[in-house]
Amino acid sequence: MKSPLFFLPLVSLIFGAVDAVTVNDPITFATQDYDYIVVGTGCAGMAIASLLSENFRVGVIEAGPVVTDVDIVNVPGMIGRDEVGTYDWNYTTVANNDTGVPSVTWPRGKILGGSSALNYLVWNAGAEIEYDILEQLGNPDWNWDTLSYYRKQAETWTEPSAYDEQGYNVYPSSQYAGHSGPTQVSFGRYVSAIARVWVDAMEYLGINRNNNPLSGTSIGVTSASSNIRPNNQTRHYSAPAYYFPVENRETLTVIPESLVTRVNFQSQGDELIATGVTFMNNGQVYNVTVSKDVIISAGSVNTAQILELSGIGEKDVLDAYGIEQLLDLPVGENLQDHCFLYKAEGIVTLDDTLGNATFSDEQLALWQEADPNNPSIFAMAVPSVAYLNLEQLLGTDAAQQSISQAEQFVASQNNSVYYDVWQAQLQLLRDSSVAQAELLFIEGTSYDYVNHQARVRLLATLQHSWSRGYVHIQSNDPTVYPLIQPNYLASPLDVQALAAGVEYTLAIGKTVHGCLRRSSLMPNAPGNTSQYSDILALDQNLTTTIDDWIHSYIGTEYHPIGTASMLPQGKGGVVDPRLIVYGTKNLRVVDMSILPIHIGAHPMATIVGIAQHAAAFIKEGY
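In case it helps, mature numbering (1 follows the signal peptide of the UniProt record, and there is no 0) puts the sequence shown at residues -20 to -1, 1 to 602.
Please note that a few of the clues may not be correct.
Quick list of simulated restraints, FRET-style, between CB atoms [stated by the list, open to error]:
(1) Pro45 with Ala345: 22 to 28 Å
(2) Asp528 with Asn211: 46 to 52 Å
(3) Pro472 with Thr72: 24 to 30 Å
(4) Asn456 with Asp13: 29 to 35 Å
(5) Glu349 with Arg410: 49 to 55 Å
(6) Gln388 with Lys295: 31 to 37 Å
(7) Ala596 with Glu139: 26 to 32 Å
(8) Asp556 with Ala337: 52 to 58 Å
(9) Pro472 with Phe224: 43 to 49 Å
(10) Glu600 with Ser396: 32 to 38 Å
Within a straight-line C-alpha distance of at most 20 Å, the following computed EDC-like cross-link-like pairs (lysine to aspartate or glutamate) qualify [as the list claims (entries may be wrong)]:
(11) Lys490 with Glu183
(12) Lys132 with Glu108
(13) Lys599 with Asp15
(14) Lys565 with Glu251
(15) Lys551 with Asp121
(16) Lys132 with Asp112
(17) Lys599 with Glu230
(18) Lys551 with Asp308
(19) Lys565 with Glu600
(20) Lys551 with Glu294
(21) Lys599 with Asp121
Read the hints as simulated data drawn from the structure, not as lab findings.
All C-beta atoms in this analysis are idealised placements derived from N, C-alpha and C, irrespective of residue type, glycine included.
Construct all of the structure, not just a fragment, from the sequences and the given hints.
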């Protein structure tokens, strides 16, 4: 189907067509002829823009800058160090007086590449049923087979070297991975002493190795593959994967540092047709038109904000800020996240890149050499993860009690528009192949400035929270940040599961400590358990302090989903299975906000698979 002709303003004739490059002139960008406009350049946005530009003319609008040589982006071992928020939206959640959970920072990437430029790099997948359940919820062709196929299309997976395998003590297989996609996936070359005993500690606690973490079976402990180039150990995020290699493509144009403020429509019968978007650049307002689709890939926060500013959302939210409601859809609702407790920091590590500037500079210079036989500490990201099902997390009796409590809760939701989603989550809770918690450790991001020691941060993370939150605008001014209320720990089921996760981290800490002392891997590991006073103090007062710890030290893996859910209309849906916003002909959402229920995995690989899938059926549709 040919794209329809549309009027080109006179200024377009003055400037003429431009080759596809990153343009900084908003007039030049706004006056070009585009088949598709993509809003956002994160994991999904940059991928779908690049893929569609193989056949169509695509314009891309990014709120952040373009960077190519910045250490906190490129260096895996610097994860979490954008402390001043240079490339971050710097969002925070609203404190919840009902649960006692304070405000939590919510980093979101504001840069070409979005959050993929700043995240913790883990590239993995959930259980097969977690994807098949999307189809059960009314979304044909959204299942494990489809999404794993498109994930493989996105990745070039490099197996760990023999050196890496010996270090991690797990042997991930490439059988279920892709080998010719644009995103490089490999393993951090530096293997710390703690990483070497982590798997032994997990096995001691009854968690088996998982050598096939991409097979649709995620339970167990495994090495964490990451989006890292194997040749030089740099982060391979969406910009170098999908944009930089084709940035001179004539059909792809990107404008950075521009804020989309709304989608523009015209009516056609009972449908709205997206004609383009309005954006701001350097304080000035511009309009750009489109002949086919507007695709919002701005993430669970910004996508909800843009839709509501465009008149799509719940009437009470829009009325409060004088916005005419064009479509009544539950935008911003059904927010879910992976929350964690991060306070268990009892293991001293030799990774002193935060507290010792000289050592840090030496290691950075070593990283730049990229010597595979002498890897830098900065060549390490998240080395290993473990996923536990409900019985592993709680024990048999407590797991059955938790299921009974969940059944009672779901029965009470029979009048909710999300009743089918609650039923689906109950199904996932019962399934032993589904992870209810993730356990992991991170080095190089925590420093005890009192005792002058680098610490390991042990994390217990909920994968299927029963608490639901929301994201809504709190002004009709697009520069005012939306209100983010994740409602962490609103459900007693979440408190119970996270408390069990905390107990696991305590056991892991002491087990790893024992393994280190018995090995020659870390001869400087302290033998006096007083070095682990924070873990032991919590352990001794577990019954009286754990609830306070959970509510006071709650954190997040920054994996929000659900605010534009792919569900049937009238049952919580904002988009249909072709990701078209209900009531529109050509406005789509392609990002993690479309997932109606979470997965037990870091979402990056799934997001890129969603984008690959969407690009394929959009191309077929035209």
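Among all the numbered hints in the text so far, which are the ones the structure does not match?
-> When the structure is compared with the hints, none of them turns out to be violated.
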